[in-house]
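Enquirer: Below are the chains, spelled out letter by letter.
2 protein chains.
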Amino acid sequence: MAKIAVLGYGTVGSGVYHVIKTNSGIVEKNANEKIEIKYVLDLRDFPGDPVEDVLTHNFEDIINDSEISVVVEVMGGLRPAYEFTKRCLESGKSVCTSNKELVAEHGAELIETAEKHGVTYLFEASVGGGIPIIRTLISSITSERILEIKGILNGTTNYMLTKMSKEGLEYGDVLKEAQEKGYAERNPSADVEGHDACRKISILMSLALEGQVDYKDVHTEGITEITKTDMEYAAAIGKEIKLLGVGKNSKEGSYVMVAPFLVGDESPLYGVRGVFNGICITGNMLGEVMFYGKGAGKEATAAAVVSDVIDAVRNKINPKRIKWACEKVALLPFENIPQSKLIRIESLDTEAGKKAVESVFGNMDFIQLENHDDEFAFISPKQSEAELDEKLSMLLNKDNIDNILGTIRIEE
Amino acid sequence: MAKIAVLGYGTVGSGVYHVIKTNSGIVEKNANEKIEIKYVLDLRDFPGDPVEDVLTHNFEDIINDSEISVVVEVMGGLRPAYEFTKRCLESGKSVCTSNKELVAEHGAELIETAEKHGVTYLFEASVGGGIPIIRTLISSITSERILEIKGILNGTTNYMLTKMSKEGLEYGDVLKEAQEKGYAERNPSADVEGHDACRKISILMSLALEGQVDYKDVHTEGITEITKTDMEYAAAIGKEIKLLGVGKNSKEGSYVMVAPFLVGDESPLYGVRGVFNGICITGNMLGEVMFYGKGAGKEATAAAVVSDVIDAVRNKINPKRIKWACEKVALLPFENIPQSKLIRIESLDTEAGKKAVESVFGNMDFIQLENHDDEFAFISPKQSEAELDEKLSMLLNKDNIDNILGTIRIEE
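Protein chains in written order, with the numbering used here: chain C, 1 to 412; chain A, 1 to 412.
It is worth saying that the hints were derived from the structure and are not from the lab.
A quick note: this is a predicted structure, and the numbers were derived from the prediction, not measured.
Hints are supplied without guarantee of correctness; some may be wrong.
Identical chains share a label here; the pair holds if one copy fits it or two copies do between them.
Claimed, not checked - As a list, the in silico BS3-like pairs of lysine-lysine whose alpha-carbon atoms are at most 30 Å apart:
hint, residue 1, residue 2
1, LYS251, LYS181
2, LYS320, LYS21
3, LYS251, LYS21
4, LYS21, LYS323
5, LYS216, LYS86
6, LYS298, LYS323
7, LYS398, LYS355
8, LYS320, LYS29
9, LYS251, LYS328
10, LYS248, LYS29
11, LYS228, LYS3
12, LYS29, LYS316
13, LYS248, LYS21
14, LYS3, LYS316
15, LYS328, LYS29
16, LYS391, LYS248
Only chain C is shown next, with the shape it has when bound in the complex (with noise of 0.2 Å):
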């Protein structure tokens, strides 16, 4: 029998009782014995709820009582999960745990004080949800270099972002209904602007290069500015726009992105929409392998939890390393990425200012949405942002081109 305590009663760690008390014959026969929730943490009482014969409100119980071998920690931000998650690593208690933020900032650590101390770290649910990726980069794809990991990796914005695109409503609508809906915070920024999408390619980056990929470093754009007009483009030449991390890592370095980006049906990514994540893998033996399942929901991912809890309790002899060092990974500065991307024009003469284009880019195809009489758009070559930034700023000095509209990213 392994006694367990669950630090946070929110969403997930709700979930994690749930999955825990329904499905506990499967659990007990994965991990060879019967797993009991002993304690919860949580500072609410829940009068009623039967989680009463097991609350606490005081942690130093939990870390007191040596029964107790696996600390599942679903609080959520950094403190005081990071002291706990120490304190609990440090005497001798494993600790699995879908705090994304932790594990990006100090995932390195916590493996490290884990492995000293004969137990482990693990955050499966940290990202993707219920999808086995993080189960998948350090146990399954091991023979392989990773060359590239690129992801749908927060679900409220693929969300918002296929509602725009099936409705031809504009970003400031449909972030009302999300929220509404509860799938948007009423304070979205974590996920509108990128940064949970941005820990996550982290995460999954630090595993792939096996050192700190710090999410600090990480050139991060979000949703906020795109339009239902950028929407008409995207259909215009067949794409759809998602809300994409990418890390790559070839032989001349390795950089790590968040931005909106068009995708194509050639790519697996195109159609994965709504709250669904999909997170695709290129090794140089392996190609291309994509994983795709629900990013969120506290069933989904209180099963990442629970399988974590399974591995740590079956593994509690021999556990598992997990390579993720804390040095810091030198990424290639952000300017130097080639990359095309769609340049949207405002121009009052739309034919003058596409001879003007041409005269800074050379022979272009161009977009004219119907209806849109005073812009147009064209797909830039493949060069640096450097590059693109610099002759963007000449066409600006052309007669004719009023303003540049916006650009996105192509993905390729």
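Starting from the known structure of chain C, arrange chain A on it as the hints suggest.
Expert: Okay, now just chain A, sitting in the frame of chain C:
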């Protein structure tokens, strides 16, 4: 240093050799020791190939060498692969394989043999090529009751169906082309009659149900009867025809089948085209997750085999226990499975024919293709195979129903 032997220097065998040589550093790091190929067994000679240095024609060299801790069996077929595998396991050597025929037929027994001798029998590459689906079932989806596995498991037939759909070609022409390109064998029956997909879904469902799903019990239909006109009906209702392996596990019992299905774009399998595989797993907590990638190919399959080798080396002391008992799982009779189908009716007087259909099935929406005046189709309500067959017999006795041209199941 772990010394291994490879049985068979065909496509996958030479791929394994290539992956271990090319990615030797990564392989060593993940296995925690260097991996050296000491023998490759093949009856043929390979003059000038570097494999010559380690080539043997005699299996006894391998079985008698106590230095060999892991054997890769990539010969295919049942004989002598079964005897070789059994003898390796009995002499304390783990075996890693891509041989789906052998795994489907003797998997449970060989796992038992391995456990008895403190080693492992691993078979990641037997399903889905490089997609890490077996390891996911064994190691990741451990807190779940698996409710359904559904997948495009055969790249050859998916390539053919995609080609028929996109280019409006007939089955025979596409088969010929696939054979010329080397995607289909000269005797294509294992692929086109669904036997390959059947073995794969049987392996996956055996792992999900932890008992022997005998592939001989699985109702299996291939794609040989699919026509260009079927593809036109599919397009008319916004669906695509895919050969699916389907396993369901409910309170009433389990069933497994392989057949062509009409798949709509609400399914993540809809976008799985060409030589790609896609496998959906639905858990009672997790919801639906999908795994996608190239289902075959020398390097992808070899990479999956090498991941197993790394697992076997890394877990020498504490080998993985795989739950797949020898006892046969009783499957629900195929005739009881409720399904809805697209039914194509030949009728010289289609208006009268449609009335005849409604006299048996009640009010229906009919699908009438242009340029097909002598036939129409409808989608039957969800009912058991047995009930539907009875109704179709009644229908055939009606006036103005000249023939039933075909039926295709609807995926849901």
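Enquirer: Each of the hints needs a verdict: does it hold here or not?
Expert: We went through each hint and held it up to the structure:
Within a single copy, LYS251 and LYS181 get their C-alpha atoms no closer than 45 Å, and across copies no closer than 33 Å, so neither meets the 30 Å cut-off. Taking identical chains as interchangeable, the C-alpha atoms of LYS320 and LYS21 lie at most 30 Å apart whether they share a chain (26 Å) or sit on different chains (26 Å). For the identical chains of this complex, LYS251 and LYS21 are inter-copy neighbours only, at 19 Å across copies versus 49 Å inside a copy, given an alpha-carbon limit of 30 Å. Taking CA atoms no more than 30 Å apart as the test, LYS21 paired with LYS323 passes between copies only; the shortest distance there is 22 Å, against 33 Å inside one copy.
Proximity of LYS216 and LYS86 under a CA criterion of 30 Å is satisfied intra-copy only: 22 Å inside one chain copy versus 53 Å between copies. Proximity of LYS298 to LYS323 under the C-alpha cut-off of 30 Å is found in both arrangements, the shortest distances being 29 Å within a copy and 28 Å between copies. With identical chains, the CA atoms of LYS398 and LYS355 are at most 30 Å apart within one copy only, with a shortest distance of 10 Å there and 69 Å across copies. In this homomeric assembly, LYS320 and LYS29 come within 30 Å of each other (Cα to Cα) both inside a single copy, at 20 Å, and across copies, at 14 Å.
Only within a single protomer do LYS251 and LYS328 lie at most 30 Å apart by alpha-carbon distance; the minimum there is 18 Å, versus 51 Å between protomers. In this homomeric assembly, LYS248 and LYS29 come within 30 Å of each other (Cα to Cα) only across copies, at 21 Å, whereas the closest approach inside a single copy is 39 Å. In this assembly of identical chains, the alpha carbons of LYS228 and LYS3 never lie at most 30 Å apart, being 52 Å within a copy and 60 Å across copies at closest. When the C-alpha separation of LYS29 and LYS316 is checked against a cutoff of 30 Å, the pair qualifies both within a copy, at 16 Å, and between copies, at 22 Å.
In this assembly of identical chains, the alpha carbons of LYS248 and LYS21 lie at most 30 Å apart only when taken from different copies (23 Å versus 41 Å within one copy). Within a single copy, LYS3 and LYS316 get their C-alpha atoms as close as 13 Å, and across copies as close as 28 Å, so both meet the 30 Å cut-off. Within a single copy, LYS328 and LYS29 get their C-alpha atoms only as close as 40 Å, which misses the 30 Å cut-off; across copies the closest is 20 Å, which meets it. Taking the shortest Cα distances, LYS391 and LYS248 sit within 30 Å of each other inside one copy (25 Å), while across copies they are farther apart (57 Å).
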